[in-house]
Amino acid sequence: MNKLIITCAISGAEVTKAQHDKIPYTIEEVVSESIKAYEAGASIIHLHVRHDDGTPTQDKMRYQEAIEAIKKHIPNVIIQPSTGGAIGMSRDERLQPTELNIEMATLDCGSVNFGGDDVFINTENDVKYFAKVMKERHILPELECFEKGHVDSVLKLYKKGFIHGPLHFSFVLGVSGGMTGEERDFMFLKDSIPSDATFSVAGIGRYEFPLAELSIKHGGHVRVGLEDNLYLEKGVLAIDNADLVRKVVEIAKQYGREVATPDEARHILRMEEVK
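The opening residue of the sequence shown carries number 5 in the numbering used here; numbering runs sequentially from there.
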């Protein structure tokens, strides 16, 4: 079984300091949370950026500032910017961080009803366009799937040549409007992808650690972080992002899964094949 790749989603675009004081807004805070997560065992930093007041942005220069600052302290870490953006943004606005020299980025593979009137729109043409741009820029897409239909869409577009391998999925479970994060949901998605594909799981809220354990047990990889969940256990706030990473490392030890370094993660994800 491959070593375990841990991704840490340090901030997201929606969680605020009012909910947890370690949500990073400033570049200095982003660097601090990234370093601590890396030292705890994360080889990938899933990155959203904010203005200093906490307002989320996809501005390329803000991403560049954050990435350069992180790399100054932890040059080998894999930085995975989000291309999710915000409701109403154009494709190219969302894709701004891919204009930088990055190895990996998220690619959302279908639309989701987030609740009320909020719809996270990712049309088939959006997915094709994002995949094409990432291919041209030699960026490995992490294929974010919120439900089974998204997985099926990826496989259809892969077969038709719109999405290129190597395939690396991220099952994002427990989001309002998407699949829940029960064991049956995880198993359904895991068994729906090709045997040579890799996958990671991001459980939202209470699903974070049960799904992390399932993924570890079944040879997959794990995303944790304050973007997805604020608690170590019911009623107990995590100290910071690193606290969540350390808990995953402890679970991995129970199953004999060693934690991958960034270079080992690059090899497991076959990033050298992204040309």
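By construction, these hints were calculated from the structure, which means they are not laboratory data.
If you're wondering where the values come from, they're calculated on a predicted model, not measured in any experiment.
There could be a bad hint or two in this list.
[To be verified] SDA-like mimics (lysine to any residue), calculated; alpha carbons at most 20 Å apart, straight line:
(1) Lys64 x Lys7
(2) Lys163 x Asn105
(3) Lys257 x Pro214
(4) Lys132 x Lys75
(5) Lys21 x Val123
(6) Lys251 x Glu43
(7) Lys7 x Asp200
(8) Lys160 x Thr184
(9) Lys257 x Lys279
(10) Lys238 x Asp200
(11) Lys251 x His271
(12) Lys7 x Glu43
(13) Lys163 x Pro214
(14) Lys21 x Tyr235
(15) Lys64 x Asn105
(16) Lys75 x Thr30
(17) Lys40 x Lys64
(18) Lys40 x Lys238
(19) Lys75 x Gly45
(20) Lys160 x Glu187
(21) Lys75 x Gly209
(22) Lys64 x Gly45
(23) Lys279 x Lys194
Outcome of the hint check:
no.	hint	result
1	Lys64 x Lys7	33 Å, violated
2	Lys163 x Asn105	28 Å, violated
3	Lys257 x Pro214	15 Å, holds
4	Lys132 x Lys75	30 Å, violated
5	Lys21 x Val123	24 Å, violated
6	Lys251 x Glu43	13 Å, holds
7	Lys7 x Asp200	16 Å, holds
8	Lys160 x Thr184	23 Å, violated
9	Lys257 x Lys279	35 Å, violated
10	Lys238 x Asp200	36 Å, violated
11	Lys251 x His271	24 Å, violated
12	Lys7 x Glu43	17 Å, holds
13	Lys163 x Pro214	32 Å, violated
14	Lys21 x Tyr235	14 Å, holds
15	Lys64 x Asn105	11 Å, holds
16	Lys75 x Thr30	16 Å, holds
17	Lys40 x Lys64	24 Å, violated
18	Lys40 x Lys238	23 Å, violated
19	Lys75 x Gly45	16 Å, holds
20	Lys160 x Glu187	25 Å, violated
21	Lys75 x Gly209	29 Å, violated
22	Lys64 x Gly45	28 Å, violated
23	Lys279 x Lys194	27 Å, violated
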